[in-house]
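S.K.: Here is how the chains run, residue by residue.
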Amino acid sequence: MLRYIVTRFALWVPSVLLVMLGVYALAFFGAGDPIKLIFLRAPGDVAYDPVRIEAIRESAGLTKPFIEQFTNYVVHLLSGNFGNSLSSGRSVWAMVSAAAPVSFSLGLCAIVLTAVVAIPLGLIAGLNQNTRLDYTILGSALFLWAIPPYVAGPLLMVGLLLLLPGMSVPYGWGGIFDVRIVLPLIVLSFQPIALIVRQTRAAVIEVLSEDFVRTARAKGVPETLVALKHILRPVLTPVVTQLGLIMITIVNGAIFVELVFGLPGLGRLTVKALTDSDYPVILAITLIGSFLVMLSNLLVDVLYPLLDPRAADSMKGR
Amino acid sequence: MSNTKSDVLSRRSALKLGLGTAVGLTVFGLSARIVMAADGQVLKVAHPAFSQDWSPLRGGGSPYRWNSAWWASPMRFDAEGNIHPYVFASWEPNGDSTVWTFKIDPAAKFSDGSAITAADVKGSWELAAMPATTSQRVAQVLAGVVGYADVTGGSATALSGVATPDDATVVVTLGAPDPIFFMRLANHIAPITKVSQSRGADGNENAGWYMPQNGVIVSGPFKPTSIDLDAGKLVFEPNENFFVAKPKLARIEITSIEDNVTATQLIKSGEFNAHTELVTSTMVQDLGPEFGDGPQIPTSQHFWFNAARAPMDDPKVRQALIMAVDRDGLIKASYPDGPHKKTDQVINSVPGAENSGFEPFPFDPAAAKTALAESTYGGPERLPKLLFVGVSGPAIEAAAQYIAEQWRQNLGITAVDMKPQQDQYAGPDQNAVQIFRDDVGTRVPDAASYLLGSIASTSGNAQGKMGGYKNDAVDAKLAEASTKAAADPARVTLAQEVQKLFRDDWMFIPWYAQTMSRWATAEVKGIDKNLDWQVVAPWDISIG
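Protein sequences appear in the order of chains A and B. Numbered per the working numbering, the first sequence spans residues 29 to 346. Numbered per the working numbering, the second sequence spans residues 4 to 547.
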């Protein structure tokens with residue numbers, strides 16, 4: 029297992045370098061120069077003085093060739109220096125290390141909520157296929173799926189405030205035990221719940237026709253035990269994979285939810301960095317994102333043998 | 004059991020005890036009331052950006068709007084545009100307005116109790132001019148000062164045109180006469196900082212010098228006690244050594260809330276009582292007229308034509324596009340309840356703007372149609388697609404869409420596109436964009452300065468957004484106007500003539516004159532702002 033993990037990590041390094049080169053090139057050639065943006069986005073009374081702007085770019089090291097800038101960045105990165113933000117001058121590490129725990133906590137809570145709500149619902153729907161209960165669960169899941177977070181967030185907030193005028197606006201971050209997390213968590217979990225309900229239901233229906241389920245029922249095993257022991261376990265394997273992918277999406281992409289509810293996470297930081305064309309911050313977030321993808325896939329792979337012994341055999345090459 | 008005399012509470016003792024309790028409770032109650040009152044004096048501001056840089060030296064951006072809360076400026080304008088002494092108690096030009104002598108108020112001091120010196124003023128200006136400081140507007144203040152180009156170009160760190168003969172005197176030498184130079188200093192673009200703290204040995208800004216954990220020393224009425232950039236939250240408390248007046252507020256809390264819907268809800272619910280800059284079409288309906296109230300400032304929003312791009316290179320097309328738009332409808336579509344007011348001309352809220360003699364562009368669909376037919380394009384069919392940029396935010400979108408609809412109805416033009424970004428379009432490398440939405444204005448109540456910054460061929464607006472617009476007569480008259488004294492009527496007359504000349508070039512669709520809104524609920528008093536977009540007297544802000 030350790031060898032497997034080390035191999036995965038070794039494979040991750042070149043791929044992340046490639047991703048960073050791509051992102052750096054996109055930011056460098058496509059998104060616009062961060063210093064020019066400061067002046068171009070300012071109101072009309074701010075003069076666009078090319079001579080001055082060049083002097084500023086030079087002082088920020090932005091006049092060097094692309095390859096030299098990227099190489100410098102990677103060399104600094106290898107020594108643990110993420111550099112400073114081009115738009116604010118702040119240490120990128122300080123910015124990212126403050127934002128990442130918020131996103132991780134949020135993502136983890138959303139995954140737990142999703143798993144707790146969606147897996148039982150999917151199981152119930154699958155066990156009651158083509159009944160009114162199944163249609164209700166599936167219909168609700170489709171309804172949730174159709175509401176994007178940037179609609180659900182403001183709607184829920186305004187709706188809730190209209191219903192409960194005395195209630196304070198759920199804005200800001202106070203940790204996972206703060207009541208303000210409830211609404212963003214619900215909004216964040218809408219689409220994952222829908223996805224997992226559908227996936228669990230489909231997997232349950234598939235497993236229901238398996239021989240071992242039929243055998244268990246023929247042996248007179250109680251239906252609850254059949255569902256929990258014989259059906260749920262194989263169903264969980266693809267569901268866990270999906271949950272891992274959802275976790276990545278939430279941590280990296282909870283942009284609208286973080287903006288609407290004022291959560292100081294990576295999504296909010298990403299928007300700011302992209303708007304300002306702030307390469308060092310964009311790259312640091314990319315690095316964290318790709319590390320997360322790697323970590324999440326690794327975790328899922330490690331979990332597989334626990335859920336399905338056949339996976340352990342295949343990992344050992346048997 | 005018997006009660007001895009000492010055991011029993013006598014009437015006198017009971018009275019004493021009662022009186023003592025009453026006095027105690029009263030004193031406690033009064034002090035409790037004072038504490039409660041102080042606690043109530045909190046300005047809670049929703050800030051529309053997740054600002055990661057609150058350095059007061061940037062000369063722009065959302066944080067700039069709060070510069071006056073913690074920094075003092077040389078002079079200051081009130082809401083009516085009258086200038087007042089602040090750090091500088093007096094100012095005196097020489098005969099031709101090329102050398103200015105400023106005297107620092109002997110009472111002026113920093114929050115640590117030390118005096119504000121001429122060296123602090125000079126050093127702060129130099130720091131603002133350094134290229135690495137990336138100040139957006141420092142040129143508006145210091146461009147005329149001898150040595151400015153060297154500092155801002157990176158070849159010097161000291162302004163050779165600024166001398167400090169003693170701790171209380173600053174002498175500024177300009178490269179050319181500027182009768183209104185004193186007005187150019189009356190803003191927070193280059194605020195006065197404690198240079199030993201803000202500036203490093205290399206002449207550049209020290210990183211994070213303005214953070215409370217670094218013991219920032221301020222010159223304004225409030226000092227930051229907490230700045231959490233990661234959470235987007237700042238807290239300011241009164242500067243006990245502020246030299247003008249004792250601030251009335253107990254605290255200012257600024258919280259980043261990027262989403263306008265959320266911010267509006269928070270203000271409606273009473274959790275916040277002010278906003279840095281709330282721009283929505285429904286602000287007045289949502290939060291009441293007091294929220295948007297404020298003086299008109301010399302800033303205006305227009306849609307500028309790039310005459311270097313087809314079809315705007317044909318004056319007849321420009322004429323047709325302007326005359327086809329009902330501008331009364333334009334303001335109703337974008338700001339139906341205010342706070343901004345429709346305008347017909349470039350300049351606003353400066354001496355000479357009223358009764359300027361500027362003839363408003365007519366709304367005449369028939370004449371517009373004729374003009375388009377007479378153009379080299381002959382009609383709407385052969386026109387290239389018209390592209391707007393700077394269409395960001397609901398009110399601007401409403402205005403741009405209204406214009407496009409007017410063109411469709413009155414001229415039959417259907418190929419119109421809109422984009423929010425100004426970045427890749429507004430610079431000298433602009434591509435196919437013909438129409439830029441942007442504001443123009445000035446930080447001094449002066450019509451000539453207004454036009455120099457917006458339609459003179461040297462202005463960024465003329466060079467970029469109008470595609471290198473140059474009218475020699477406009478330039479000549481503006482050059483002449485800028486040599487006249489502030490009080491000379493010829494300065495205003497020349498500016499008015501310039502506007503008329505500019506009108507005949509059909510270069511813009513006038514939109515609105517800006518109101519500098521309070522962006523505060525009715526309970527917030529004394530939060531009037533000025534043409535520098537700053538609270539005039541932050542020490543006078545109170546709640547209720």
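Hints are not guaranteed to be accurate.
To be verified - What follows is a list of derived Cβ distance ranges for each label pair:
| hint | chain 1 | residue 1 | chain 2 | residue 2 | range |
| --- | --- | --- | --- | --- | --- |
| 1 | B | G273 | A | L30 | 17 to 25 angstroms |
| 2 | A | L39 | B | G471 | 37 to 45 angstroms |
| 3 | B | A311 | A | V299 | 50 to 58 angstroms |
| 4 | A | V186 | B | G471 | 43 to 51 angstroms |
| 5 | B | A311 | A | F319 | 22 to 30 angstroms |
| 6 | B | D205 | A | T277 | 40 to 48 angstroms |
| 7 | B | E256 | A | V186 | 20 to 28 angstroms |
No lab work stands behind these hints: they were computed from the structure. All C-beta atoms, glycine included, are put in the ideal place defined by N, C-alpha and C.
S.K.: Which hints, by number, does the structure contradict?
M.R.: Hints 1, 2, 3, 5 are the ones this structure does not satisfy, whereas the remaining hints hold.
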